[in-house]
Amino acid sequence: MTAFRAMATNGVRHVGAVVCLACLPILGPAVADDTGFVPATTIATTAAKGDRHTGDAENERPILIGLNATLSGSVGQSGRAIKRGLRLAIDEVNAAGGVLGRRLEIIEDDNRGIPARGVDIIDDFAKLDNLVAIVGGIHSPVASASLKAIHKHGIVYLGPWAASTPVVDNGYRPNYVFRVSARDEFAGGFLIDTALKRGFRRPGLLLWRTGWGRSNEKAMTTALRRTKTEPAGTQWFNTSQRDISDQIDKLVSAGADVIMLVANASEGLTVFRNMAARPLEKRVPIISHWGITGGNLFKRDPTVFEKIDLTFLQTYSFFEPPFRKKSARLLEAYCAKYRDCGSPAAVFSPVGTAHAYDLVHLLKRAIEKAGSTDRAKVRDALERLDRYDGLVRVYDPAFTPDRHDALNVSDFRLCRYDGRGAIVPIGSELN
Amino acid sequence: MASAAPSSRLLPGVLLRVLPAAAIVLLVIGFIASVFIEDAFVTQLKAKLAREADVGAQSIATKLETLKTSVRAVASNDLVINGLVDVEARDAYLPLFFSSLQIAGPRGGALISFTDYRGRILASNWKAADYQNAPWLKSVMEGREHLHIATERMVFAVPVVFQDAPEGTIVVEYRRAHVAQLLSFSPGAQAALTRVGKQILFTSDTGFSDVDRADVPNTTGWIKSAGTVPGYEQLKVVVADPSHVALAPVFKLERFMFTALAVALIALTAGIVLTGLLATRPLVRFSTAIKEFGSAEDLDRRIETTGAREFQELARSFNAMLERLNLAVVSNDSLARENAVRRDAQRALRESERRYRDLIEGAARGIYVYRDGALLYANPAFAGLFGFASPREALAEASLTQLLGEDIRAELNRQIERSDGSVSNIIRTELQLERDRGDAIWIEHISKVIEWEGRPAIQGNLTDITDRKRVERLKNEFVSIVSHELRTPLTALVGSLGLVRSGTLGNLPDKVQELIEISQSSAQRLVALVNDILDIEKIEAGSMEFNFEPTESVALVHQSIAETEPFGAKYGVVLHLEEGLGQASVRADGDRLTQVLTNLLSNAVKFSPQGETVIVRLTREGENIRFSVSDRGPGIPTHMHRKIFEKFTQVDGSDSRSKAGTGLGLAICKDIIEAHGGRIRVESDPDMGSTFSFALPEVNVILDMGDIQVAEPAKAVGR
Chain A
190 MTAFRAMATN GVRHVGAVVC LACLPILGPA VADDTGFVPA TTIATTAAKG
240 DRHTGDAENE RPILIGLNAT LSGSVGQSGR AIKRGLRLAI DEVNAAGGVL
290 GRRLEIIEDD NRGIPARGVD IIDDFAKLDN LVAIVGGIHS PVASASLKAI
340 HKHGIVYLGP WAASTPVVDN GYRPNYVFRV SARDEFAGGF LIDTALKRGF
390 RRPGLLLWRT GWGRSNEKAM TTALRRTKTE PAGTQWFNTS QRDISDQIDK
440 LVSAGADVIM LVANASEGLT VFRNMAARPL EKRVPIISHW GITGGNLFKR
490 DPTVFEKIDL TFLQTYSFFE PPFRKKSARL LEAYCAKYRD CGSPAAVFSP
540 VGTAHAYDLV HLLKRAIEKA GSTDRAKVRD ALERLDRYDG LVRVYDPAFT
590 PDRHDALNVS DFRLCRYDGR GAIVPIGSEL N
Chain L
557 MASAAPSSRL LPGVLLRVLP AAAIVLLVIG FIASVFIEDA FVTQLKAKLA
607 READVGAQSI ATKLETLKTS VRAVASNDLV INGLVDVEAR DAYLPLFFSS
657 LQIAGPRGGA LISFTDYRGR ILASNWKAAD YQNAPWLKSV MEGREHLHIA
707 TERMVFAVPV VFQDAPEGTI VVEYRRAHVA QLLSFSPGAQ AALTRVGKQI
757 LFTSDTGFSD VDRADVPNTT GWIKSAGTVP GYEQLKVVVA DPSHVALAPV
807 FKLERFMFTA LAVALIALTA GIVLTGLLAT RPLVRFSTAI KEFGSAEDLD
857 RRIETTGARE FQELARSFNA MLERLNLAVV SNDSLARENA VRRDAQRALR
907 ESERRYRDLI EGAARGIYVY RDGALLYANP AFAGLFGFAS PREALAEASL
957 TQLLGEDIRA ELNRQIERSD GSVSNIIRTE LQLERDRGDA IWIEHISKVI
1007 EWEGRPAIQG NLTDITDRKR VERLKNEFVS IVSHELRTPL TALVGSLGLV
1057 RSGTLGNLPD KVQELIEISQ SSAQRLVALV NDILDIEKIE AGSMEFNFEP
1107 TESVALVHQS IAETEPFGAK YGVVLHLEEG LGQASVRADG DRLTQVLTNL
1157 LSNAVKFSPQ GETVIVRLTR EGENIRFSVS DRGPGIPTHM HRKIFEKFTQ
1207 VDGSDSRSKA GTGLGLAICK DIIEAHGGRI RVESDPDMGS TFSFALPEVN
1257 VILDMGDIQV AEPAKAVGR
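Line by line, the protein sequences are chains A and L.
For the first sequence, the working numbering begins at 190 and goes up steadily by one.
For the second sequence, the working numbering begins at 557 and goes up steadily by one.
Chain L on its own, in the form it takes in the complex (with noise of 0.2 Å):
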C-alpha cells in the first residue's frame, strides 16, 4: 500500500469492497425479490385456482344435490309408493315407470331401481340384481339415504316410506363412466380431478392423474388446490395448472429482473471506477503538495483550492491549518525575545517601583491612601507628621477621623462616589490640625481619586505648610494694618489737597497749585494702590464677598463705558460700545464685574493713542456672553501675556510711570471673573493693540410670582 501510486490503491480498494458486498446485496434483493415474487404469484394461482376448486366442489355438489333430489322424488311418488302395495298390478305401470324415468345426472348412465323393505326388486330400467345383501340396506330401511362413491360404481339409495315408515328403497347406480361424468367439472385450470381418498373418479388430464396419491410422490411440476364438495367431506376437487406454463410470466419478470440488477451491476462498478479517477486526481495533488510542505518546510505555500467543492474545502481547510501552524511557529520565534523583553521590563519596572517606592517613602509629604473608612496606606512622613514611629503603627493605630478630622473622612467619601469610579479633579484643602502634643499645624491637604487594588481610593497628600501659613498671616497682617494705617491717612490727605486745591481756601500761586496737583494725584494713586492691595487680600484670603445675581450686561456695560468716560476724556480716548447684542443677563455680582470692566475700559484709555476709541463688544458665544474690551495701543507681545495678570506687573516698567498705574488691577479682574466661573484672557499683537475679553455663562430670567429665579451656572466655583 505505502510503496503504491495513491491512484493504484485507492480504486482498487474500493471496487475490492464495494463490489462484492453490491453484489451480494443485488443477489439478495434479486433473490428475495425473486422469493417474494414467485411467491405472491403462486398465492394468488393458488386463490385462483382455489376458487375454481370451490366452484367445481360446489358444481359437483349441485349435480349431486339435484341427483338425490330427483331421487327423493321418485321415492315419494305416490305411484311409486301404491307400487308397494299393489302387488297384481304394478308390473303394468312400474317397468313403464321406470323405463321412462330421467334423473338428473348424465344421459343415460342412472341405472334405477324400486326394491321391497328386504331389497328385492320391484322394478327397475336395467338387469338389476336384488339388493337383499346390501350392506346399506338397513340403514337405508331405517330410513338414511345411503350414498357411496367409488371409481367403479357409485350408488345412491333412498328409503321410500310408506305410511311413516320406509318400505321400500329407489336406488340408483352409475357406472364408472358416468360416475366420472357425474363429477366432471371444467375449470379454467388445465388439469381438474375429483376424488374419494384416493380413488380418482374423474380427472380431465391424465397427467395429474397421480397427485396426491401416497404411492407416488407428488407430482412436481404442478400448482394446484384442492377443495371440498359441500355436504360431501369425503369428495375432494383438485385442479392444477402446470408450474412452468402457471409461472412463465414469473420465469419472464425474473429474467427481466436479474438482467437488471446484472446491468446495475456493471453501472455502479463504472460509477465506482469513474468516482475514483475523480476522486483520486485531486487527491494525488493533494497528497503531492503534502509531501512538498513535509521536504520544504515552507510553511508560507498553499495548496490551491479548485476543483470539487469537497476538496476545495479539504484544501481550505489545509490552508487555515497551514495558517495556524504558521502563526504558531512564528510566535513561537518571538516567545525567547518577547521573554527578554518581559524580563528586562520586569526588572524595569521592579526598578521603578522601588524607585518610586523610594520616592514617596522618602517624600517629605505625607501620603496615604484612604478607602472605606480605613487607611490603606501610609509612609513615613504620614505617619511622622502625626506623631508616630513607623506607617505601620499609624495605620494599625489611627483612624482617619481621628487624623483629619469628621469633615474630611465625609469629603473623602463623597469624593469617591462623585468620582464614578473614574479618577476626579484634586481637591485642594488647608487645615489646622491640633496634634498631641498640643501644637497646632497647618496642612495642606490634597485628594484625588486613584485606583488601588482595582477599586478607586483616595490618595491624599498632605504638607505641612505651618510655617507658610505664618509667613502668610504675618504678610496679611502687616498688608492689612499698612493699608488701613495708610488708607486713612491718605484719605485725609487726599481731602485735605482736593480742598486746598480747588480754592476754597484762597488761591495758591500757580507754582503751588502745581505742587499741590502732583500731591493730590500721587496721594490718589496711593489710595488706589491700597484699595487694590486690599482687594487682593481679600480674594486672595477668600473673604471677599459677591453677589451674584442676574445681571444685564448691556447696562452694566454703559454704566462701566460712564464710570471711565472722564478719564478717557482725559486722555483724549473715546470709549464705544457697538450696539447689537440685545437684552443678555449674567450672573454675576454687578459691582465686581463693573470694577473689572473700569479697570479694563482704564487700561485701554491709558495704552490708547490720543484721539482713538476703546471699542467694547457684547457677543454670544453659545451659552456665554463675552465681554471684550479693544485699544488701538502699542500691543503686547506674546511672552508677556501671562505675566500681565501676576500682581504687580506691568508690559514695560519702564512706561509705568507714564501709564499710572499699581499693577494689580489685571490680577484683581482675574481673580474676580474666575470667581465667577469665566476666565480673562488677552489677545495681542504689537502695534495692533489689545483686546482683553472674558465669558460669562448667559442666564435666562424667569418671571415667576414676581420672584426672579436663576438657574445655577452649571459650573461650581471654588473659592
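Chain A with its partners taken away, still in its complex shape (with noise of 0.2 Å):
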C-alpha cells in the first residue's frame, strides 16, 4: 500500500501501470502493447493473504517479479524492452507449467531514473511477500542508491542493463544484487582498447556526472593506464545539461581524436548535436557506452547522425546473434506479440528485452533449485546454478559466489545505428 502511497504522491503521470491496469486499453500504444500485468489490487489482495507456506493457497498466487525500471521518460524505452523481455520468457514459462507450479508475473513502477523513487519502489515491493525478485532498469545511480534497501529487505535484484561495476561489487555479503549486463569494468577497457584498436590515441573521456560516470571513468582510466595511453582528459557533464559543447571543446582542444562518451540518451543526445553543429574537420568521432540506446534517439534526430561517427557498445544483436535458431525463435514470439515488430531493426534496445530475457530463466531455474520462493533461498540458488544455454551466451554457470556478472568482455561488440536506426553491429575485425 505503500507503493500507493507513494504514486500518489508522485502524480497521476508516474502512477504507471499499477493503479491504471484497469485502464490500459485507454493509455496508448507506449503502454497498450504491454499487457499481462496483475493488477496491484490483486497483488495486494494476495500479499494479504499472504501464507507463503500454506500449500494449495500458496499455489494459486503467482510468483512476482517487480520491474523497478525508468519506463516513462527520454529513456523509458530501455523500460519497455526489458519488460518485453520479462514477457517473454514470462509466457514461455507459464506456458511450459509455471514454476513450481505456480505462475510468474510482473509487478511494475516506475522509477523514471530517479534514484529516490527507486530506493521507495523497492520498500514497497518487499512488501509483497510473493514477490521473489526485482529486476531493475537501466540507470546505474538508482541502482546503486537501492542497494542499501535490496539487503535490508534481503531481496534479490537483477540488473539486466545498469552496468556501474559497484552495483556488482556492492561489499554486501550475502549480494542480492545479480547482472547480466555489461560490467563497466570490462566495457570501459573494452572500448577503450577499441579505440585503441581503431588507431585513436588521445581518447577524450566525456562523462555523465553521475556514479555510472565514475564507474567508467575508473575502468576507462585503469584500461588506459594498462595500455599506457595518455588521455586527452576527463570531462563531466551533469543531468539535463542542455549544451555540452564546451565540454566537448576542452577535450577536442586537448587534443582528443576520438571521445569516449557515458551518456544516457537525452544527454548522449545533447552531445551527438553539440558535436554534429561543429565544423566538419572539428569533429571528432565518438565512442559511447551504451547508456544512449536507452531512447530512441534516432527516431529523435534522424539527420544529427549522418553528422557524426559514432559507435556504441552493445552485447547483442538480432542481427547477429550467437545462437541463431534461439534468436529466431524469440524474434518471432517478440513479433507475435508486438505489433510493432517486422524484422530485427525493429526490436528497440535489443540488450535490455536480451538480458531481461535470459535473467528470467535463471531466476526460473534459481526458484526451482530452491524449491522456494524464498528470497535468501533463491539468491542462494543464483549463485549455484548449473549451466543454462541462454539467448545472449552460454551461462555455464551464470553466477558464482564469486561472481554476480554473468557476461564478460567477450560479449561486448561495437555497434551503430544504420540509415533507418537499427543497431547493427559494425565489422567483426574490430570486435
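Hints in this document: simulated from the structure, not taken from any laboratory.
Check the hints yourself; a few may be wrong.
Under the rule of at most 30 Å between Cα atoms (straight-line distance), these lysine-lysine pairs were calculated in the DSBU-like manner [as the list claims (entries may be wrong)]:
id, chain 1, residue 1, chain 2, residue 2
1, A, 316, A, 337
2, L, 694, A, 337
3, A, 417, A, 439
4, A, 471, A, 439
5, A, 341, L, 619
6, L, 792, L, 619
7, A, 417, A, 407
8, L, 604, L, 754
9, L, 1126, L, 1199
10, A, 341, A, 316
11, L, 1025, L, 1126
12, A, 316, L, 694
13, L, 694, A, 341
14, A, 566, A, 337
15, A, 337, L, 1199
If we take Cβ atoms under 7 Å as the criterion, some of the chain A residues that face chain L in the derived model are [stated by the list, open to error]:
id, residue
16, 305
17, 330
18, 398
19, 424
20, 427
Beta carbons: idealized from backbone N, C-alpha and C, even for Gly.
Please dock the two separately framed chains into a single complex, following the hints provided.
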C-alpha cells in the first residue's frame, strides 16, 4: 500500500501501470502493447492473505517479479525493452507450467531514473511476500542507491542493464545483486581497447556526473593506464545539461581524437548535437557506452547521426546473434506479441530485452533449485546454478558466489545506427 | 414703521434683510469652497498616494519576480538536477552549491532547500526539516509553483524538473524580519504598509499599523491609498500620510478664505450702511417735499432735481407728474366754463342754423345741392320754380337732368372734378327752360362747389330772370332798332352835310357854312354815339366777335397814334410813343385793341391843355406788356376812378359839352380789354394828369413750317 501512497504523492503521470491496469486500453500504444500485468489490487489482496507456507493457497498465487525501471521519459524505452524480455520469458515459463507450479507475473513501477523513487519502490515491493525478485533498469545511480534497501529487505535484485561496477561489487555479504549485462570495468576496458584498435591515440573522456560516469572513469582510466595511453582529459556533464559543447571543446582542444562517451539518451543526444554542430574538420568520432540506446534517439533526430561518427557498445544483436535458432524463435514470439515488430531492426533497445529474457530463465532455474520462493534461498540458488544455454550466451554457470556478473568482455561488440535507426553490429574485424 | 423717521427704518431694514442672507451665502460659499478645496486636495493627494502605492506595489512585484526568477534558475540548474540522480556524490557539491547560493532579496535571508519528490531534503543552506508533510508539496510535484506569504514566514517552492516531470523542489523560506525587508518599500509618504489580508507584513510607521484591520476602527487622521501588487492579488500595499500634515496647506488656505469672507461681510455691512445713508438723505428730502405738497396743496411747487442721477430722475418724474396733475386740475376748472360756452355756442349755432335755414327755405331763389347725379337738397323756392308742391316731392320725383338739362348736369360734374375738392369759382349761366306748363322761363344759374357732408358738392342758385330778360330784350331790340334806324339816316345826313360843307355844291355864306359845320359835327357825334351804343350792345349781348392773334404791339401803337394824330392836331396836342421796348407781341384782336388805344388817346387829347404832349408807353411787366397813355390834363378825382368806366359817365358833366363824347368809350374799352383777359385801370391825381393803362400777356411767336402758332394765354376768358 505504501506504493500507492508514493504514487499518489508522485502524481498521475508516474502512477505507472499498477494503478492504471484497469484502464490499459485507454492509455494508448506505449503501454497497451505491454499486457499481462497482475492488477495491483490482486497483488495486494494476495499479499494480505499471504501465508507463504500453506499449500494450495500458496500454489494459486503467482510468483511476482517486480520491475523497478525507468519506464517513461527519454530513456523509458529501455524499461519497456526490459519488460518485453521479461514478458516473453515469463510467457514461455508459464506456458511450460510455470515455476513450482505457480505462474510468474510482473509487477512494475516507474522510477523515472530517480534514485529516491527507485529506493521507495524497493521498499514497496519488498512488502509483497510473493515477490521473489526485483528487476532493475538502465540507471546505475538508481541501482546504486537501491543497494541499501535491497540488502535491508534481503530481496534478489536482477540487473538487466545498469552497468556500474559497484552495483554488483557492492560490498554486501550476502550479495543480493545479480547481473546479466555489461560491467563497466570490462566495458571501459573494451571501449578503450576498441578505440586504440581503431587507431585513436588520445581518447577524451566525456562522462555523466553520476556514479555510472565515475564507474566508467575508473574502468577507462585503468585501461588507459594498462595500455599506457595518455588521455586528452576527462570532462563531466550534469543531468539534463542543455549544452555540452564546452566540454567537447575542452577535450578536442586538449587533443582528443576520439570522445569516449558515457551518457544516457537525453544527454547523449545533446553531445551528438553539439558535435554535429561543429565544423566538419573539428568533429571527432564518438565511441559511446550503451546508455544512449536506452531511448530512441534516432527517431528523435535522425539527421544528427549522418553528421557524426558514432559507435557504441552492445552485448546482443538480433542481426548477428550468437545462437541463431534461439534468436529466431524469440524474434518470432516477439513479433507475434508486439505489433510494432516487423524485423530485427524494429526491436528497440535489444540488449534490455535479451538480458531480461535470460534473467527470467535463470531466475526460474534458481527458484526451482531453491524449491522455494524464499528470497534468501533463491539468492543462494542463483550462485549455484547449472549450465544454461541462454539467448545471449551459454551460462556455465551464470553466477558464482564471487561472480555475480554473468557477461564478460567476450560478449561485447561495437554497433552503430544504420540508415533507418536500427542498431547493427559493425565489422567483426573490430571485435 | 409708520411713525419712525425714514432714515432710521430703511437702513436697519436693509441690514436685517441683506446681512443675514449675505452672511449665509458667504458661509455657504465658504463651506462649499472649503469642501471643494479639501476634496480636490484630498483627491490629488490620494492620486499621489495611489501612484506611490502603485510604485511600491510594482517594486514589490519586481522583487518577488526577481526572487522567483532566481529560484527558478536554481531549480533548473543542471548541477542541481544532477543531484537528483547522483546520489553517491552529490553531497560533495550540493551543500557547497547551496551554501554559496545568493538569491535575490535580503542578504542572508533566503533559507534554501533542495528536496526530492517526497520533500526529503537533499541539500540545504540551513538546518531544514523535511518538507514531506508540507501541504503544498503535492501541488508543486504536479508542476505548480507555490508561494505563501505570511507575517511569520514566506515560502516559495518551485519544482525541479527532470525528464519533463517534477522530481524535486527548491524551497526558499524567509522569516519575519526578512519577509518585512523583502516586502518593504519606501514611498514619499510618511507611512507604507504591505499586507496579506489582515496580516501586516511590513510597515514603515507603527502608528499606521492598525489601518484596515477589521477589529480596529479605521484610524482617523490618515489619508491613505491602497494598491495591489501586480500578479499577487493577495498582496496589498498601503501608503498613507497623516491628514494633519497632508492637509496643512488646505487648512491654511481655508483659514485665509474664511478671513477673506469675514472681511467681505464687514465690507458689505459698511457698504450697506454707507449706501443707506446716501440713499436716505435725498429720500428724506423727497419725502418732506411730498408731505408739503400734501399739506400745502400747492401744485405749482417743484422738487429740486439735485443729487444722484437716480434721485434727479425721480424728482423729474415727480415734477412731470405734478405738471400733468396741475394741468388736470386747471382744465377741470375751465371745463365748466367751456361747457357753458359750448352750450351757448351750440345754442347760437342752432339759432344760426335755424336762421340760415329760414333764410334758405324762405329765399326767393331756388337753391339746391347736387352731387353724383342726385339732388341732395332743394329749398321750397326750387320746388316752386319747377312746379313741385314741396322740396321733398322735387327731390323724390325729379332728376337734375330733367330739370336743368343734360348740359348743365355735365358741366356741374366737370366743375366738381375741376375743383379738386376745394371751393371753386362761381360759374354763372343763364338758361331758358321750358316748364311742364308749356311756358318758358329764363333762369340765372349760379353754381359753386361747396363741401356737403364732408365731400364736394354743387350748390346751385336759380333765379327767375324771365322778367329781366324780357326787359333786356325789349331794350336791346329798341336800341338795335334805334341804332340802325338812326345810323342809316345819320350816315346819309353826315355825307350830305360833308358835301355841302366842302363847297362842291357851291359856296355857302359864312353864316350857313358855320351852321353846316355845327350840324355836321353834331351829326358825326351822333353817329359815334350810335356806334358806341351798338358796340356796347354787341359786347353785352355777347355777340361781339374777337379775332385773337399775335399782334405786334409797337406797330399797333403807331397805327393808333397815326389814327389819332389828326384829332390831336386839332386840339394842339402832340402824341408821342416812348420807344425802347423793341419787338413785343400780344395776343389780341388788332382792330379792337386799336379801338381801345384810339379811344384812350382821343380822351387824353381831349383833356390835355393845348400844346401838351400825350405820351404812350409800352413796358414789360413780367410776362405782360403794359400799354399806358398819359396826359397832362386836369386829372380825375379818386372817387371817380371806378365810375368813369361805367356807361354814359364823364368826369365832369358840366364840362361834357366842351369835351364832346358819348360817355360810352371807357365802358367799351373796359369790356374789350377784359375780353382780352386784361384789366384797364387809371392812375390819376387832380392837376397831375391821368394815365390809363392795361396789360396783356406777351406771346412768343414761333415760326414753324410757315404757320404761326400761338401759345394759349394762361387765363381763360369768360364770354
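How the hints compare with the structure:
Proposed proximity of residue 316 of chain A and residue 337 of chain A is supported: the alpha carbons are some 16 Å apart, at most 30 Å. Distance restraint check for residue 694 of chain L and residue 337 of chain A: the Cα-Cα separation of roughly 27 Å lies within the 30 Å cut-off, and the hinted pair is therefore satisfied. For the hint linking residue 417 of chain A to residue 439 of chain A, the alpha-carbon distance of about 22 Å falls within 30 Å, and the restraint holds. At roughly 12 Å between alpha-carbon atoms, residue 471 of chain A and residue 439 of chain A fall within 30 Å of each other, so this suggested pair holds.
Between residue 341 of chain A and residue 619 of chain L the alpha-carbon distance is near 48 Å, which puts this suggested pair outside the 30 Å criterion. Restraint check for residue 792 of chain L and residue 619 of chain L: the C-alpha separation of about 15 Å stays at or below 30 Å, so the hint holds. Taken as a hint, the residue 417 of chain A and residue 407 of chain A pair is honoured in the structure, with Cα atoms around 15 Å apart against an allowance of 30 Å. With a C-alpha separation of about 24 Å, the suggested pairing of residue 604 of chain L with residue 754 of chain L holds against the 30 Å cut-off.
For the hint pairing residue 1126 of chain L with residue 1199 of chain L, the CA-to-CA distance comes to about 28 Å; that is within 30 Å, so the pair holds. The hinted pair formed by residue 341 of chain A and residue 316 of chain A meets the criterion: a straight-line CA distance of about 12 Å does not exceed 30 Å. Under the criterion of a C-alpha separation no larger than 30 Å, the hint pairing residue 1025 of chain L with residue 1126 of chain L is inconsistent with the structure, at around 44 Å. Note on residue 316 of chain A and residue 694 of chain L: the hinted pairing holds, with a Cα-Cα distance of about 25 Å set against a maximum of 30 Å.
Simply put, residue 694 of chain L and residue 341 of chain A have alpha-carbon atoms about 29 Å apart, close enough for the 30 Å limit, and the pair holds. Among the hinted pairs, residue 566 of chain A with residue 337 of chain A is consistent with the structure: their alpha-carbon atoms are about 19 Å apart, no more than 30 Å. For the hint pairing residue 337 of chain A with residue 1199 of chain L, the CA-to-CA distance comes to about 190 Å; that exceeds 30 Å, so the pair is violated. With a least beta-carbon distance of about 4 Å to chain L, the hint placing residue 305 of chain A at the interface is held under the 7 Å criterion.
Using the Cβ-Cβ criterion of 7 Å, the hint placing residue 330 of chain A at the interface with chain L is satisfied: the shortest such distance is roughly 5 Å. Evaluation of the residue 398 of chain A hint against chain L yields a held restraint, the C-beta minimum of about 5 Å falling below 7 Å. Taking 7 Å as the C-beta contact cut-off toward chain L, the hint placing residue 424 of chain A at the interface is violated, the least distance being around 14 Å. For residue 427 of chain A, the shortest C-beta to C-beta distance to chain L is roughly 4 Å, which falls under 7 Å, so the interface hint holds.
The structure is inconsistent with the numbered hints 5, 11, 15, 19, although it conforms to all the rest.
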